[in-house]
Structures are given as structure tokens and as C-alpha cells.
Amino acid sequence: MTLLPIIVAPDPRLKIETRPVEAVDDDLRAFLDDMLETMYAADGIGLAAPQVGDERSVIVIDLARQDEDPAPMKMINPEIVWYSDEERVHDEGCLSLPEHYAEVVRPDGIRVTYLDETGAEQQLEAEGILSTCIQHEIDHLHGVLFVDHVSSIKRNMILRKLKKAKKQAAA
49 MTLLPIIVAP DPRLKIETRP VEAVDDDLRA FLDDMLETMY AADGIGLAAP
99 QVGDERSVIV IDLARQDEDP APMKMINPEI VWYSDEERVH DEGCLSLPEH
149 YAEVVRPDGI RVTYLDETGA EQQLEAEGIL STCIQHEIDH LHGVLFVDHV
199 SSIKRNMILR KLKKAKKQAA A
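For the sequence shown, our numbering assigns the number 49 to the initial residue and increments by one for each residue that follows.
Keep in mind that the hints were calculated from the coordinates and are not lab data. Ideal placement from N, C-alpha and C gives every residue a C-beta, glycine not left out. Among the hints, erroneous ones may be present.
[Stated by the list, open to error] Calculated pairs, DMTMM-like style, for lysine to aspartate or glutamate (alpha carbon to alpha carbon, straight line, at most 20 angstroms):
id, residue 1, residue 2
1, Lys211, Glu127
2, Lys209, Glu147
3, Lys202, Glu147
4, Lys209, Asp196
5, Lys63, Asp81
6, Lys215, Asp102
7, Lys63, Asp187
8, Lys212, Asp59
9, Lys209, Asp59
10, Lys214, Asp59
11, Lys211, Asp59
12, Lys63, Glu85
13, Lys209, Glu151
14, Lys214, Glu147
15, Lys63, Asp196
16, Lys209, Asp139
17, Lys63, Glu103
18, Lys202, Glu151
19, Lys212, Glu147
20, Lys215, Glu147
21, Lys63, Asp133
22, Lys63, Asp102
23, Lys202, Asp102
24, Lys202, Asp59
[Claimed, not checked] Label-pair restraints from in silico Cβ distances:
id, residue 1, residue 2, range
25, Thr166, Lys209, 36 to 44 angstroms
26, Ser199, Asp73, 27 to 35 angstroms
27, Thr166, Arg203, 35 to 43 angstroms
28, Thr166, Ser199, 39 to 47 angstroms
29, Ile201, Thr50, 34 to 42 angstroms
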């Protein structure tokens, strides 16, 4: 497996609209495994293809804690087909916006359809942190970051800090 470089905001590659996967093959399965390995190495719970510079519509998630067995989820062409009326506030972070967090309000429950790594159609109902994580990762597939859900003042502050950190790292 290969560790993939995670793109850090601000970067225009994080704002792309992904393209649907047409065929589930060994190349895609290997890429999903690389995404999981990258996510685990970065201590994340979710990762979307645009975060590693890929334009395919795929995400990986694993909410298992360090003392639990891994429970990876691989979603190809995920689409949310239902949202609950109840909302949930969660302090979100992102591997592409390291060390920055903000409270985001999202629907508490969702129903998502997707293809699994065999190409079979799946449907999942999720609530709580799993729902939040799926919504966060699917947002990436549409060029939306968690900071796009907060006030412009908070968003601009976070993006300015990240831009400054990138300049300092390059110097």
C-alpha cells in the first residue's frame, strides 16, 4: 500500500466536483486501500478522493477507536437520498485543514446509496457521528469544505492561518 499526500487548504484541487466511477476494478480497490492507509496514518476518521488529488467520487470512513478492531467503510459514488429533520451540532475537523475545528450544524440522520468495493449497490441509514462523517466526506466530492458551513469571518480566519502556515513551511 502507498501513503498518499493529503492536500491542505487553501488549494483549488479541494474545490473540484468529482466524476462518478464507471467501473469498480482492482485499480480502484487498490486506491481505496491506499486512501484508508493514508487516513489511518494521519489519525483521521474519513477521507475523500479530492483530498489526495483524485477526481473520482469515492470516500473511506472508519470510526473505530484505537482500542477497537478497524471497521473500514468504502463508498463509491455515494449519494445522500434522505435527510432527517432533526439537526446535530458537531465540532468538525478535517485532514485538509489541520488543527482547525468549527461547530457545524447538519441533519442528524441520513440515508445514503453507494457502490461497495465489489460494485454492488448498497444503502445505509446513519445517524450521529457516522451521519456527520458521511456528510462531511460527501461534501468534499462537491468541492465543499466544513468551513463553508460556518460564518465567513470564521472561515476566512481559518483559511488565512492555513495560507500563512503554507508560506512559512515553503520558506
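Each hint tested on the structure:
no.: 1; hint: Lys211 <-> Glu127; result: violated, 31 angstroms
no.: 2; hint: Lys209 <-> Glu147; result: holds, 10 angstroms
no.: 3; hint: Lys202 <-> Glu147; result: holds, 14 angstroms
no.: 4; hint: Lys209 <-> Asp196; result: holds, 16 angstroms
no.: 5; hint: Lys63 <-> Asp81; result: violated, 23 angstroms
no.: 6; hint: Lys215 <-> Asp102; result: violated, 24 angstroms
no.: 7; hint: Lys63 <-> Asp187; result: holds, 10 angstroms
no.: 8; hint: Lys212 <-> Asp59; result: holds, 13 angstroms
no.: 9; hint: Lys209 <-> Asp59; result: holds, 13 angstroms
no.: 10; hint: Lys214 <-> Asp59; result: holds, 10 angstroms
no.: 11; hint: Lys211 <-> Asp59; result: holds, 9 angstroms
no.: 12; hint: Lys63 <-> Glu85; result: violated, 23 angstroms
no.: 13; hint: Lys209 <-> Glu151; result: holds, 18 angstroms
no.: 14; hint: Lys214 <-> Glu147; result: holds, 13 angstroms
no.: 15; hint: Lys63 <-> Asp196; result: holds, 11 angstroms
no.: 16; hint: Lys209 <-> Asp139; result: holds, 18 angstroms
no.: 17; hint: Lys63 <-> Glu103; result: holds, 11 angstroms
no.: 18; hint: Lys202 <-> Glu151; result: holds, 10 angstroms
no.: 19; hint: Lys212 <-> Glu147; result: holds, 14 angstroms
no.: 20; hint: Lys215 <-> Glu147; result: holds, 17 angstroms
no.: 21; hint: Lys63 <-> Asp133; result: violated, 28 angstroms
no.: 22; hint: Lys63 <-> Asp102; result: holds, 12 angstroms
no.: 23; hint: Lys202 <-> Asp102; result: violated, 28 angstroms
no.: 24; hint: Lys202 <-> Asp59; result: holds, 18 angstroms
no.: 25; hint: Thr166 <-> Lys209: 36 to 44 angstroms; result: holds, 42 angstroms
no.: 26; hint: Ser199 <-> Asp73: 27 to 35 angstroms; result: violated, 43 angstroms
no.: 27; hint: Thr166 <-> Arg203: 35 to 43 angstroms; result: holds, 39 angstroms
no.: 28; hint: Thr166 <-> Ser199: 39 to 47 angstroms; result: holds, 42 angstroms
no.: 29; hint: Ile201 <-> Thr50: 34 to 42 angstroms; result: holds, 39 angstroms
In summary, the structure is inconsistent with hints 1, 5, 6, 12, 21, 23, 26 from the numbered list given earlier, while agreeing with the others.
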